[in-house]
Amino acid sequence: MPFHPVILWTDALIYLLLATGIILGIYARRHEHMLASWRKVIHSASGMSALTILLCFILIGLLDTIHFRPALEQTRATGENIYSAEVLSVFDLLATPLRSQMEKTYSAPLSAHLYAKQMIITTEGEQVWDFARLTFGGAHLDDPRTELTSDIWWRSVSGAGAGLLIWAGLVLGLGSMQAKQYRTSFFRIQTAIWHGTTEVPWCAILITLAVILAMGGAVAALTTHYHVLGTDKVGQDVLYLSLKSIRTGLVIGTLTTLIMLPFALLLGIAAGYFRGWVDDVIQYVYTTLSSIPSVLLIAAAVLMMQVYIETHADLLDTTAARADLRLLFLCIILGITSWTGLCRVLRGETLKLREMEYIQAAHAFGVSHWRIITRHILPNVIHIVLITTVMDFSSLVLAEAVLSYVGVGVDPSTISFGTMINASRLEMAREPMVWWTLFAAFTFMFALVLSANLFSDAVQNAFNPHSRTLSNDSARYLKNQNETEEMASPDKNIPRT
Amino acid sequence: MTALLEINELKVQLHTGRQPVRAVDGLSLAIRPGETFALLGESGCGKSMTALSIMRLLPEAGEITHGSICLNGDELLALPESAMREVRGNRIGMIFQEPMLSLNPVMTTGAQIEEVLLQHSNLRGAAAQTRILELLRQVGIPDPARRIKEYPFQFSGGMKQRVMIAMALASKPELLIADEPTTALDVTIQAQVLDLMRNLQRQENMAILLITHDLGVVAEIAQRIAVMYAGEIIETADQESFFQSPAHPYSHKLFAALPTRKKRNQKLIVIQGNVPALSHVFTGCRFADRCDHAWEKCHKIIPPWVEISPQHRVRCHLYPEHSVEALSDIAHATTDNLPASVDAPGLDSDNLLLNVNDLKVHFPVHKGLFKRAAGYVKAVDGVSLQINHGRTLALVGESGCGKTTVGKGIMQLITVTSGSIRVQDEELSKLNRKQLLKKRTEFQIIFQDPYSSLNPRMRIIEIIKEGMQALGRYSDKLSTQKKNEHNIDTLLMQVGLPVEAKWRYPHEFSGGQRQRIAIARALAVNPQLLICDEPTSALDVSVQAQILNLLKTLQQERKLAYLLITHNIAVVDYLADEVAVMYLGRIVENGRTEEVLDAPKHPYTQALLSAVPIYEPGTQREVIRLQGEPPSPADVPQGCYFHPRCPHVMPICREIYPATSRFSATHTTYCHLYHSVSQEPQDFQ
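The listed protein sequences correspond, in order, to chains L and C. Using our numbering, the first residue of the first sequence is number 2, and each one after it goes up by one. Using our numbering, the first residue of the second sequence is number 5, and each one after it goes up by one.
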């Protein structure tokens with residue numbers, strides 16, 4: 002086998018999360034009330050544009066999750082492959098030019114020269130104090146001073162053009178698929194899409210896709226010969242770093258929630274449902290926990306973990322596994338410190354729900370507590386869980402950046418927005434300023450968090466029962482009017498004595 | 005006489021679903037200065053939308069598409085928003101249904117009234133304060149100088165509604181719109197508020213537009229009446245002719261659907277079907293589909309206004325030609341008579357199903373750091389009741405008197421402080437968890453609000469199955485999947501729902517249908533006693549009639565016994581065999597229905613019954629006005645609990661709680677006005 006698959010801890014959890022997501026999707030398809038709310042999300046134009054961007058991020062994150070160790074060229078005497086100690090992902094494989102084209106040190110975006118002057122020995126053998134040419138960036142140009150701009154323009158325009166071509170293919174494919182589904186002509190579907198009259202806001206989605214594909218195409222065309230976002234201190238491509246950071250951000254944002262959910266759900270519902278001393282104990286626990294400065298707690302826990310890993314180096318065979326364990330541990334500790342908010346909200350909601358008459362009726366039937374919690378309370382608080390999860394995601398991505406900046410976040414070898422910012426911290430002060438690392442981290446994080454926030458807004462609008470009182474009432478009002486024919490005369494059906 | 009408010013061809017549309025809903029569709033009315041005009045109709049007929057259109061306060065989805073609204077000749081719909089603000093609260097006052105929600109909880113009542121004065125008058129400082137005091141005095145709030153510094157939570161419901169009225173009156177409006185002003189209040193408080201409105205109207209000579217669904221309230225204060233149905237007015241009349249000879253078949257049916265004692269042995273007349281969807285355009289009479297007298301013409305031609313007498317107009321094709329025979333036809337429309345219930349003589353012990361003795365439910369009030377119980381709210385303080393197989397006992401009382409707590413205490417939904425509850429001669433408190441679970445199949449409960457009593461996330465079949473599954477393990481019956489489903493089908497048919505309904509979710513059903521589902525769920529475990537906690541108070545009159553019919557039929561088929569918890573005397577009169585009247589956690593009078601309702605002995609019962617509005621023409625009654633409001637059950641008065649409000653209070657009432665006075669084998673009361681029997685009755689001890 003040319004490679005050896007590696008499943009890191011966080012990989013396993015992401016697969017688990019993916020499976021849960023798919024199962025929940027199937028569950029939602031079967032349940033009208035969930036389906037109705039999701040339909041509302043789908044109908045929101047800003048939500049769907051945000052989701053399109055988010056899906057691009059998730060795609061990169063997932064590609065970056067499939068890890069393996071490539072086989073080395075030489076084999077053992079027995080014929081077995083020897084696998085590299087370096088753990089790579091599918092994404093690394095796709096981005097091989099980005100990963101492998103290392104420069105010496107800093108270079109500005111789309112530049113053909115290093116950022117600092119140094120002593121160069123020219124072909125004639127004399128020493129010149131000048132900006133050295135890059136090993137890869139713009140190396141194909143004979144005279145960067147005259148050719149650089151036109152070359153960049155040409156490449157980016159053709160790249161964007163290719164991107165738009167793919168996009169046009171997508172539009173045609175979508176159009177014919179929709180036409181087949183609704184059994185109308187292709188042109189009618191196209192006019193519907195571009196006038197924004199389709200149920201799903203395809204127009205917004207397609208415009209977002211056009212922007213993404215055009216930009217992606219341009220960047221892809223440029224990356225083969227340039228460093229689009231420059232290089233960092235050790236000459237690594239900043240674009241590559243930014244793309245790798247996406248997975249870290251997603252892992253922190255989702256796995257933390259996954260870890261905190263059981264605490265919040267179990268304790269929150271238990272406190273609200275059982276009240277009495279259970280409520281007291283849980284309330285004291287979360288009040289105490291939320292009064293400890295969480296940064297200190299996280300710092301202490303992460304440092305302890307670091308020491309543990311260092312003293313037990315033999316347990317983990319690769320550096321990737323070691324960094325991954327630390328990432329997972331960061332998720333766990335963030336999860337443990339952040340469940341209190343959701344727990345409090347769930348407790349309040351459960352307190353309200355337990356007085357509802359349908360739960361009283363269930364008590365009257367002697368339904369067991371466990372059944373009441375799982376069948377009556379849980380389905381009725383799930384919208385809160387969903388809203389909180391999506392909204393927490395962005396704040397967790399930001400929290401990771403802050404923690405890594407402080408130095409208690411992820412392992413220094415893990416590429417993340419936080420480590421990128423941390424690395425560029427000192428460079429901001431030098432003259433001339435190295436601004437692109439920070440800029441890249443900022444732009445990517447901003448796009449990720451903004452789209453997550455916009456999406457969570459759409460989710461909240463669709464799932465929050467309070468934000469749709471009016472339409473709900475009128476639905477009920479309509480329902481009263483729209484009694485079906487067969488129900489028109491209920492009293493006729495009563496058997497008479 | 006020129007009209008004060010004139011609405012012409014008003015059309016309001018709600019843009020919520022795919023099709024616009026024509027909430028108000030061509031409504032015209034005129035209100036003269038100083039008169040009380042009642043807009044009567046069931047929920048969803050567009051009466052509140054009319055009120056909101058007059059104020060131009062329609063929700064975002066609403067739009068006035070046509071028509072004019074003139075106040076004293078000024079076209080309100082043409083005014084700019086800034087000028088409209090001058091009209092609202094100044095020339096038109098409005099009071100809403102929920103006094104609890106219409107006052108700002110963080111402002112003192114004085115400040116809230118002052119806000120209105122600042123907006124609409126030149127009164128400032130001391131002059132404004134004097135006016136506020138005057139207003140509060142006018143609406144009958146005692147000790148106004150102290151009360152203006154208090155916050156809404158320190159006021160009771162009736163007092164809050166008075167404050168709302170004071171706010172509406174602050175700038176002496178020409179028109180007062182009252183949207184269900186007493187629906188959230190108890191009968192005795194309702195009587196006070198209606199009285200107040202009547203007096204104020206006389207003093208200020210303002211017009212009132214009263215929006216209500218309650219025929220009783222209409223009979224109390226309205227001078228002219230318009231009946232609204234599906235977005236338009238179908239009949240207008242002055243009060244007298246409306247109550248003596250309602251013209252429209254719908255109005256007739258409304259009267260016929262009201263439960264009374266006379267109809268005890270009959271089924272109530274129900275209006276078949278449902279209000280038509282307001283989203284489509286009507287080509288004929290809106291009521292035609294549900295009308296017994298409809299003929300071809302009704303479905304094809306929209307009926308014009310027909311004048312019966314100068315004050316009485318109706319939109320119906322029956323007039324003027326067919327009126328006589330049709331009317332008599334409706335009046336004598338006989339429904340199926342139910343077999344007269346066998347009058348079981350008294351209570352005999354071997355037939356006893358439920359026996360509650362000296363039930364007490366006290367809720368501790370926790371205070372301080374360690375949450376020590378500082379006092380008790382005595383929600384139920386020594387209640388004894390007996391119900392025989394197949395009989396109905398009504399537990400009557402105002403809100404907060406503890407009647408719902410009694411029901412929940414019997415259901416073991418809350419912890420009982422003391423007292424015994426015996427079902428089929430088995431003491432519930434002595435049963436362990438498992439035995440109690442088995443026992444639960446014998447008694448079940450139906451709740452008031454059909455919108456919150458069904459889990460919105462479960463399908464009907466799951467809702468009904470739940471009880472069967474929870475209790476089925478302990479019953480002897482074989483509960484296979486198939487048999488269960490068959491049982492559910494039978495049940496749904498029994499409560500008058502189609503079998504397919506089991507695959508749907510609760511939100512797809514109307515209020516009345518949901519209540520049927522709740523009944524089916526309770527019946528699924530085959531109980532003998534059903535505790536009905538205000539089963540119809542959230543429903544419209546015509547739907548209420550359906551549910552009452554259902555309860556009555558089920559009682560005969562299944563020999564069910566009911567504990568009917570209600571504040572609606574008419575329902576009691578129709579359904580109950582015995583009545584127990586509760587006040588502040590204790591029963592003050594009980595006996596057979598006719599004994600208690602015809603010859604009430606306790607002053608509270610007398611006052612309660614007299615406060616119930618009567619809609620039957622020609623009957624006059626003396627309303628006993630009760631002073632004040634019921635005291636808090638956390639701080640009950642010494643002696644007889646009723647003495648602070650009692651018109652016949654004697655010194656002894658303030659000292660000792662009265663003993664039992666007995667008038668017949670079944671009729672007893674607790675009052676010092678009557679001779680007490682020295683020893684407790686021995687019938688069932």
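Be aware that one or more of the hints could be misleading.
Unchecked claim - Here's a subset of chain L near chain C, in silico, CB distances under 7 Å, partners left out:
#, residue
1, Glu33
2, Ala37
3, Glu358
4, His370
5, Pro380
Unchecked claim - Simulated pairs of lysine-lysine, DSSO-like, Cα-Cα distance not exceeding 27 Å:
#, chain 1, residue 1, chain 2, residue 2
6, C, Lys266, L, Lys353
7, L, Lys118, L, Lys41
8, L, Lys353, C, Lys487
9, C, Lys371, C, Lys438
10, C, Lys487, C, Lys266
11, C, Lys266, C, Lys443
These aren't lab readings, by the way, just hints derived from the structure by calculation. Small disclaimer: the values here were computed from a predicted structure and weren't measured. All C-beta atoms, glycine included, are put in the ideal place defined by N, C-alpha and C.
Quick rundown of the hints versus the structure:
Hint on Glu33 (chain L) holds. Least Cβ distance to chain C is approximately 6 Å, under the 7 Å limit. Evaluation of the Ala37 (chain L) hint against chain C yields a violated restraint, the C-beta minimum of about 10 Å exceeding 7 Å. Checking Glu358 (chain L) against chain C by beta carbon gives a least distance of about 4 Å; that is within 7 Å, so the hint holds. Below 7 Å, beta-carbon pairs count as interface contacts, and His370 (chain L) has none with chain C, the closest being about 12 Å; its hint is therefore violated.
A least Cβ separation of about 4 Å between Pro380 (chain L) and chain C falls short of the 7 Å threshold, and the interface hint therefore holds. The hinted pair formed by Lys266 (chain C) and Lys353 (chain L) fails the criterion: a straight-line CA distance of about 43 Å is larger than 27 Å. With a C-alpha separation of about 57 Å, the suggested pair Lys118 (chain L) and Lys41 (chain L) falls outside the 27 Å cut-off, and the hint is violated. For the hint pairing Lys353 (chain L) with Lys487 (chain C), the CA-to-CA distance comes to about 36 Å; that exceeds 27 Å, so the pair is violated.
A hinted pair counts as satisfied when its Cα atoms are at most 27 Å apart, and Lys371 (chain C) with Lys438 (chain C) does not qualify at roughly 35 Å. At roughly 41 Å between alpha-carbon atoms, Lys487 (chain C) and Lys266 (chain C) are farther apart than 27 Å, so this suggested pair is violated. Using a Cα cut-off of 27 Å, the hinted pair Lys266 (chain C) and Lys443 (chain C) is violated, with the two alpha carbons roughly 37 Å apart.
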